[in-house]
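Asks: Here the protein sequences line up with chains Z and A, keeping their order.
Position 11, counted from 1, in the first sequence is what our numbering calls 11; the numbers after and before it change by one each time, with no gaps.
Position 168, counted from 1, in the second sequence is what our numbering calls 168; the numbers after and before it change by one each time, with no gaps.
Don't take every hint at face value.
Heads up, the list lumps identical chains together, so a pair's fine if it works in one copy or across two of them.
[What the hints assert, rightly or not] The calculated lysine-lysine pairs, modelled on DSS-like cross-linking and capped at a C-alpha distance of 25 Å, are:
1) K167 x K155
2) K207 x K186
3) K29 x K200
4) K262 x K210
5) K219 x K51
Hints in this document: simulated from the structure, not taken from any laboratory.
In this text the structure is predicted, and so the values were computed from the model without any measurement.
Each chain, written out:
Protein chains: 2
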Amino acid sequence: MDQRKEVESFFHNLRDRILTSLEELDEGKFHQTHWKREEGGGGVMSLMEGKTFEKVGVNCSTVFGKLDPAFSSQLPGNTTEFFATGISFVAHPYNPMGPTSHMNLRYLETDQWWFGGGADLTPFFPFEEDTQSFHRELKSACDQNNPEYYPKFKKWCDEYFYLPHRKEPRGVGGIFFDYLQNDVQKDFQFVKTVGEAFLKVYPQIIKRRKDLSFTPEQKEHQLYRRGRYVEFNLIYDRGTQFGLKTGGNVEAIFMSLPPTVKWK
Amino acid sequence: MDQRKEVESFFHNLRDRILTSLEELDEGKFHQTHWKREEGGGGVMSLMEGKTFEKVGVNCSTVFGKLDPAFSSQLPGNTTEFFATGISFVAHPYNPMGPTSHMNLRYLETDQWWFGGGADLTPFFPFEEDTQSFHRELKSACDQNNPEYYPKFKKWCDEYFYLPHRKEPRGVGGIFFDYLQNDVQKDFQFVKTVGEAFLKVYPQIIKRRKDLSFTPEQKEHQLYRRGRYVEFNLIYDRGTQFGLKTGGNVEAIFMSLPPTVKWK
Numbered sequence: 001m002d003q004r005k006e007v008e009s010f011f012h013n014l015r016d017r018i019l020t021s022l023e024e025l026d027e028g029k030f031h032q033t034h035w036k037r038e039e040g041g042g043g044v045m046s047l048m049e050g051k052t053f054e055k056v057g058v059n060c061s062t063v064f065g066k067l068d069p070a071f072s073s074q075l076p077g078n079t080t081e082f083f084a085t086g087i088s089f090v091a092h093p094y095n096p097m098g099p100t101s102h103m104n105l106r107y108l109e110t111d112q113w114w115f116g117g118g119a120d121l122t123p124f125f126p127f128e129e130d131t132q133s134f135h136r137e138l139k140s141a142c143d144q145n146n147p148e149y150y151p152k153f154k155k156w157c158d159e160y161f162y163l164p165h166r167k168e169p170r171g172v173g174g175i176f177f178d179y180l181q182n183d184v185q186k187d188f189q190f191v192k193t194v195g196e197a198f199l200k201v202y203p204q205i206i207k208r209r210k211d212l213s214f215t216p217e218q219k220e221h222q223l224y225r226r227g228r229y230v231e232f233n234l235i236y237d238r239g240t241q242f243g244l245k246t247g248g249n250v251e252a253i254f255m256s257l258p259p260t261v262k263w264k
Numbered sequence: 001m002d003q004r005k006e007v008e009s010f011f012h013n014l015r016d017r018i019l020t021s022l023e024e025l026d027e028g029k030f031h032q033t034h035w036k037r038e039e040g041g042g043g044v045m046s047l048m049e050g051k052t053f054e055k056v057g058v059n060c061s062t063v064f065g066k067l068d069p070a071f072s073s074q075l076p077g078n079t080t081e082f083f084a085t086g087i088s089f090v091a092h093p094y095n096p097m098g099p100t101s102h103m104n105l106r107y108l109e110t111d112q113w114w115f116g117g118g119a120d121l122t123p124f125f126p127f128e129e130d131t132q133s134f135h136r137e138l139k140s141a142c143d144q145n146n147p148e149y150y151p152k153f154k155k156w157c158d159e160y161f162y163l164p165h166r167k168e169p170r171g172v173g174g175i176f177f178d179y180l181q182n183d184v185q186k187d188f189q190f191v192k193t194v195g196e197a198f199l200k201v202y203p204q205i206i207k208r209r210k211d212l213s214f215t216p217e218q219k220e221h222q223l224y225r226r227g228r229y230v231e232f233n234l235i236y237d238r239g240t241q242f243g244l245k246t247g248g249n250v251e252a253i254f255m256s257l258p259p260t261v262k263w264k
């Protein structure tokens, strides 16, 4: 089997099903933009600015070539050659009762290979029901593969999505994992399960929240809290750093940024 | 003379005159917030959310104590002790015809002392008249002190306020300088002249632009372009990094961020 192709093709298929599911929840349509990376590879950015989703983007990219040596020394392996394929999802619902969410799955190769990824939820007005169903689905995906995964990856998520300058977590967590390189078939199976769990649970949460009433003050609070999302992504996020340092497509890298933000 | 006190007191006086000048241009009033830094020092943040200025902030701070060794190694001197006093100004006019502007003057001590600072202009719809008057005043301030300053500090500004990932300059430039440690009286005199030049020219520019008509599309363009400002400040700005790494007041550090921003 061609591992790279198989993983990439799962990401594309997952993307297509996410698009269909979210278009059903909205009156909008995703628009796709293809982009190429000069040094090798490219991707497709799918973006919808609708009624339910003020902005939702899914980026699939496959990039390869040579890394900057200083950056490559931070990655596993002893070569500057790399290959990376991944899917990255961020949704900013219009209704402040609907939580923002992020999901990313990726496969990398240097002279080693590994998987990484995760999914997390950032509500502005947290509903216990949403937090619980999100974690329950991710836990179930983890448990199907390895009972040690959920506690480990939940903790990793809490540690990763933390804003030291605010002394605040970014949201209510989820899972985060990296450098998964045990058995390529089993690890790939785990990654698939995480993707399926996310596809199942996030649209359900949005369906419950998208038509709730809210006040202008609650909308303002959402715009203000979105600032924290920007701060995290621009100051700390490794995906953003990886993208900028590998000369990725800027529009695709910043697709995660909220549509409207306020800093009071 | 107590060098630290004298510099700090000039910054406070300059701040007070900036507040008076901008309040005259607006129907708003600055509000002041005092903050303390646990490890030593503190500051006063002056903020106005008015009609002419959607948001304008001036922060004066004096902080001291010990630096994180990793960070201290990036600064001149061979000690982790530091003292810093500075004024930092950022204005985001409501009218998209009015340029955003930033000004900062600072005095630092480790086992050496030095001045740094600068002022720059970021128009959304550039008027040649504004760009020219801004540069003319700064050039005149430089020339009064050293004919080599303006070309050198203008270039430094162009290099500093550049977004590599966008391959774009942040605005139309100005001046930027750092590690100025020739003669404390002469260097302080230069810093004063820069402060006075800024106080003279920026309110004049805003006076010319604040009541011009504009379209909703032009306002949208301003909100979109403000995203570049956020990207620069969070990803590259040394002042932001210095603030976050020395445990500064987060609200004061992020005072520079625009009030409303869009990422399309």
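Asks: It remains to establish, for every hint, whether it holds in the given structure.
Replies: Verification of the supplied hints:
1. Taking the shortest alpha-carbon separations for K167 and K155, only the intra-copy value of 16 Å comes in at or below 25 Å, while the best inter-copy value is 38 Å.
2. For the identical chains of this complex, K207 and K186 are neighbours neither inside a copy (32 Å) nor across copies (66 Å), given an alpha-carbon limit of 25 Å.
3. In the homo-oligomer, the alpha carbons of K29 and K200 lie at most 25 Å apart inside one protomer (20 Å), although the nearest pairing across protomers, at 51 Å, exceeds that limit.
4. Proximity of K262 to K210 under the C-alpha cut-off of 25 Å is found in both arrangements, the shortest distances being 22 Å within a copy and 21 Å between copies.
5. In the homo-oligomer, the alpha carbons of K219 and K51 lie at most 25 Å apart both inside one protomer (14 Å) and across protomers (22 Å), since each shortest distance falls under that limit.
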